[in-house]
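Undergrad: Here the protein sequences come in this chain order: A and B. Here the first sequence is numbered in the working numbering, starting from 1 and rising by one per residue. Here the second sequence is numbered in the working numbering, starting from 1 and rising by one per residue.
Honestly, the hints are just simulated from the structure, not real lab data. Hints may be right or wrong, so weigh each one.
The list treats identical chains as interchangeable, and a pair is accepted whether it falls inside one copy or across any two copies.
Said to hold, decoys possible - Here are the simulated lysine-lysine pairs, DSS-like style, with alpha carbons at most 30 Å apart:
| id | residue 1 | residue 2 |
| --- | --- | --- |
| 1 | Lys-266 | Lys-319 |
| 2 | Lys-276 | Lys-240 |
| 3 | Lys-60 | Lys-89 |
| 4 | Lys-25 | Lys-318 |
| 5 | Lys-260 | Lys-284 |
2 protein chains.
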Amino acid sequence: MDKYLITGFSGFVSKHFLELLEEKKEIVSVVGIDINYPGFAYTIYKHVTCNFHKIDLLDKSQVDNVIYNFQPNYILHLASYSSVAFSWKNPVASFTNNTNVFLNLIEQVRLLDLKCRILSIGSSEEYGNVREEDIPLSEEHALTPVSPYAVARVSQELISKVYVEGFGMDIVITRSFNHIGIGQKELFVVSSFAKKLVEIKSLNLHNAEIQTGDLKIIRDFLDVRDVVRAYYLLLKKGRKGEIYNVCSNNGIALEEVLNKMVAYLKLEVNIIRDPKLIRPSDNKIIVGNNSKLKSETGWDAQIGLERSLEDIIHYWQKKHENIV
Amino acid sequence: MDKYLITGFSGFVSKHFLELLEEKKEIVSVVGIDINYPGFAYTIYKHVTCNFHKIDLLDKSQVDNVIYNFQPNYILHLASYSSVAFSWKNPVASFTNNTNVFLNLIEQVRLLDLKCRILSIGSSEEYGNVREEDIPLSEEHALTPVSPYAVARVSQELISKVYVEGFGMDIVITRSFNHIGIGQKELFVVSSFAKKLVEIKSLNLHNAEIQTGDLKIIRDFLDVRDVVRAYYLLLKKGRKGEIYNVCSNNGIALEEVLNKMVAYLKLEVNIIRDPKLIRPSDNKIIVGNNSKLKSETGWDAQIGLERSLEDIIHYWQKKHENIV
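Take the sequences, apply the hints, and build the full model.
TA: Here it is, written out as structure tokens:
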């Protein structure tokens, strides 16, 4: 029986990963760890047996115990301090926490000599500011990380490579681009837009205002359900030590994402650019090339942007109705 | 009056840096910090006033205090856990200690908003395994670090870039190749050879054996006196956020270094290759291009390899005579 350890279990990605595992109808065991309790039910599945441990991944002895007791053969390392904005305010905490949680994990797998594949989740932020002619970015593109968060992610990748080459460990590495979907917190831009627009809609406001950062930036958004299918396939079919972009291959300006949601809800809103929401050194355009992921694992995106956005809006509408 | 903070003060580089400062005949103030007491006299200078604080650079509050009290306008960050071999045995300690000591330092300079130039010392190990046709390596060459130590050094460089671009800090970055010279510990290969050969010579041994690692590897050795002149010039004339190779531009196999010392001492020795001294993933050849350092600072190497080796041998002979 396959045993999956999932870090960052209480984030929004792991619930979708559990649903994918359940769909596969294999009998699997999952242990989730996170510093926060999950906000979703994880014991409802028929094929997936899931346990949760509330631990701080910076606490090495607790991490060591979980790995020793569970002896996973797959680790999906979703945990991170993933906010770029936080990393500008707390550069040292962002860097050290991100790298330390990863090191605590892989070091225990190494010392126990576990036969265990680890999926190390990196970020498109690693590429930094790139030229338009280099879009879509392939995995060979040079990395010039421009935030403390991005530097931590590059470091994690370099550490992974050394553990694969120097210690023979089985680590597959992603550079995951922006993902969106049901359950994502409003800290993230698309959820934040959806939540605000749903509120405006429900209050029937005319000439409502919405505060935004820089809407000209172009990102590559992938539905979280496509993301977790990529993670599953990489755990099963990825090559160790290799890096894979997880992305849609399509760029879209935040402005267009916002406009699509405004149109879907049949709203009129005034968009106000708030300088406080502009980040220093923010990347203008990030779009990835996903051909390596496709050709090596058979993955393909199944959920288009329109459907993602509609599902996200419906999710926030349901949440709003429960509140009101 | 210029004020220099030197970390890793008790290592062998800082003594040579103090001697260079003294030669300049400027009145300067130096504070040295290190976890160990220095093994050399640092209060003997006429122009350089030097104080030492024994502190652990991982202890953020102590580092903060020294910087706050001294308010340096230059920081020469020599401190590191610089052994590649140690990093293979203790990958987590090597990575986290190296990155944490650097972060503690620059974060305090940032928070105090000091007008202070920092020289971040990196390593030729950052380049990793390179092809012979890429030798000598220029600063633009891709980095593929192959040891935990090298990954920490790349991370330090990436952090430096982010602090320069994102926070406007004044950091100049080196990639320092192997340096050799008087006072270097026998943990390092050339000192280790010199010490053993001096012992063999003094005992008048015939057919003595010397245990070595892989003698075919090619390195770029620079005398420490040339290294500290480069550091001084980079502090004065380097461009912030820029990376500079500090190297001789010449490659030499360890075998040839050993043979030169054997010949100088008129010895005959049997060279025994000890598999225990071979490191995993060791780089076969590392030679740097120093044209950026030369053209931007006016630096040039003044001490040839033969003179370096002779001075090192004389140093070990003096040490040996004091012991015997």
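Undergrad: If a hint holds in the structure, say so; if it does not, say that too.
TA: Hints and how they fare:
no. : hint                : result
1   : Lys-266 <-> Lys-319 : within (20 Å within a copy, 85 Å between copies)
2   : Lys-276 <-> Lys-240 : between (42 Å within a copy, 28 Å between copies)
3   : Lys-60 <-> Lys-89   : both (25 Å within a copy, 18 Å between copies)
4   : Lys-25 <-> Lys-318  : within (29 Å within a copy, 75 Å between copies)
5   : Lys-260 <-> Lys-284 : within (20 Å within a copy, 55 Å between copies)
Hint violations for this structure: none, all hints satisfied.
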